[in-house]
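J.: Positions in the sequence shown are counted from 1; adding 421 to them yields the working numbering.
Just to be clear, a hint being listed does not mean it is correct.
Here are the simulated distance ranges between beta carbons [unchecked claim]:
#, residue 1, residue 2, range
1, Ala-567, Cys-730, 41 to 51 Å
2, Leu-619, Thr-682, 38 to 48 Å
3, Pro-822, Gly-754, 37 to 47 Å
In the DSS-like style, the derived pairs of lysine-lysine whose C-alpha atoms are separated by at most 30 Å in a straight line are [unchecked claim]:
#, residue 1, residue 2
4, Lys-752, Lys-449
5, Lys-659, Lys-676
6, Lys-448, Lys-676
7, Lys-458, Lys-448
Just so you know, the hints here were simulated from the structure itself, not pulled from any lab data.
Backbone N, C-alpha and C fix where the C-beta goes; we use that ideal spot for every residue, glycine too.
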Amino acid sequence: MSDTDNLQKIRSRRSHRKSRLGCGNCKKRRVKCDEKKPTCSNCLQHSIDCDFTTRSASESLTPPARRYQFRQSKYQQVASPSPQANEPPAQTTSTAIQCDIPPIPDKGGISLGDLHLFHHFTTTTYRSFSEESTATRRLWQSLIPAWGISFPSILHLILALAALHLAAIHPDRREEYIAQADQHFTFGVRSVTSVLALDTLDSENCQLIYMSAVLICFAYFARGPREGEFLVFSAGGKSEWLVLLHGVRAILAQKQDEIFTGDLEPLVKEQQEKNSLSTARLEDEFSQHAARLHEVRFLVTTEITRADCDFYLAAVDDLLCCFEDACKSVKAGEDATELMQFAMGWTYRRPAVMIDRLEGREPVALVILAHWAILLRYMRGVWFMEGWDAHIVSGIRECLPEGFRRWVEWPGVVVSN
422 MSDTDNLQKI RSRRSHRKSR LGCGNCKKRR VKCDEKKPTC SNCLQHSIDC DFTTRSASES
482 LTPPARRYQF RQSKYQQVAS PSPQANEPPA QTTSTAIQCD IPPIPDKGGI SLGDLHLFHH
542 FTTTTYRSFS EESTATRRLW QSLIPAWGIS FPSILHLILA LAALHLAAIH PDRREEYIAQ
602 ADQHFTFGVR SVTSVLALDT LDSENCQLIY MSAVLICFAY FARGPREGEF LVFSAGGKSE
662 WLVLLHGVRA ILAQKQDEIF TGDLEPLVKE QQEKNSLSTA RLEDEFSQHA ARLHEVRFLV
722 TTEITRADCD FYLAAVDDLL CCFEDACKSV KAGEDATELM QFAMGWTYRR PAVMIDRLEG
782 REPVALVILA HWAILLRYMR GVWFMEGWDA HIVSGIRECL PEGFRRWVEW PGVVVSN
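Use the sequences and the hints to build the structure in full.
T.: Following this line, the structure appears as structure tokens:
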């Protein structure tokens, strides 16, 4: 055998040495990574964000500990630095100072356009989620944005909410801000999905994941009503909202005791310490809602089989309690965002069998849901809840057989005012 043949064999053996350059997801799952770029096959198969997609050619020029980098924008031309020897002059651009133009997202950095959104959230948007002079105000203004610096999901989601808020404030530029919001929302959801898909929910990240899920829900509302989507049921296939709700339920089921501690503890305390102020305002209105629900309760006993009657009646009775709590909150002059706990709490507590009836558009279940939508009527003061009450009641009416439509006349009157 010639020396050339021996050298070729040695080279071929050396090329099979063990690689340590696989992506982080494969290392955590202890599976072999094929190192394909921009996304390895394993991450592609599981629909999770691969490390390789976030690496850029410029990584070697910056310290590895720096999580975010300013990136250049193509929208503003400036003079570039002097090119190095033997390099042709390149056309470079500065970071975007013109925040009215949607930045093109780069998974490896942030732009001044993103900082514009971040500033808007910490100075304006955060007020949408809490009352003045409460512990939750500090949570939304300071702590959650701080979490976003180290947890990309939260950062992208608060930027998405800020963009959606700006879209609501400036309808003439809605398309620009919606495009930014959709991009950040996509990245935010991917980050949460990656953690859940890898089964890495633990005591250290459970609060971050939970708050990410809450932000996803808020962003879903803020995106506005969509044709064929009515939160708890959909015109075709599974409701997107229910998928999000089930994600929150799964997180709480595993780590509820650990989530509502420390910085998130005020979220529980403020709910427990509420007291009602005896005022006459809205008393008659809520009494009418309760009277209509008692009629719906009678409908359940006459239309629903004994096997299903219990969880239908439980849904009506729980909704009556929600209306009582909402009445106290509104009379006390509390912010409309405080009603979120009652409205979303009702959907959260519904058992799978009731959700199945709603998704299957069972008429009596939809009648109950139409009365639930009345709660959303009292949340119109919150920019991200506008239009949802009328949208849901209208969708329910269209889905009901003619003989049941009279049962949603009252919700229709309420949400049309």
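J.: Now tell me, hint by hint, if it's right for this structure.
T.: A quick look at each hint next to the structure:
Here the CB-CB span from Ala-567 to Cys-730 is close to 49 Å, well matched to the stated 41 to 51 Å. With their beta carbons about 24 Å apart, Leu-619 and Thr-682 fall outside the hinted range of 38 to 48 Å. Separation of Pro-822 from Gly-754 is about 41 Å and conforms to the stated range, judged on CB atoms against 37 to 47 Å. Of the pairs offered as hints, the one joining Lys-752 and Lys-449 is violated, with about 52 Å between alpha carbons and a cut-off of 30 Å exceeded.
Of the supplied pair hints, the one linking Lys-659 and Lys-676 holds, its CA atoms being roughly 26 Å apart against a limit of 30 Å. With a C-alpha separation of about 25 Å, the suggested pair Lys-448 and Lys-676 falls inside the 30 Å cut-off, and the hint holds. Simply put, Lys-458 and Lys-448 have alpha-carbon atoms about 16 Å apart, close enough for the 30 Å limit, and the pair holds.
Going through the hint list in order, the structure does not satisfy hints 2 and 4.
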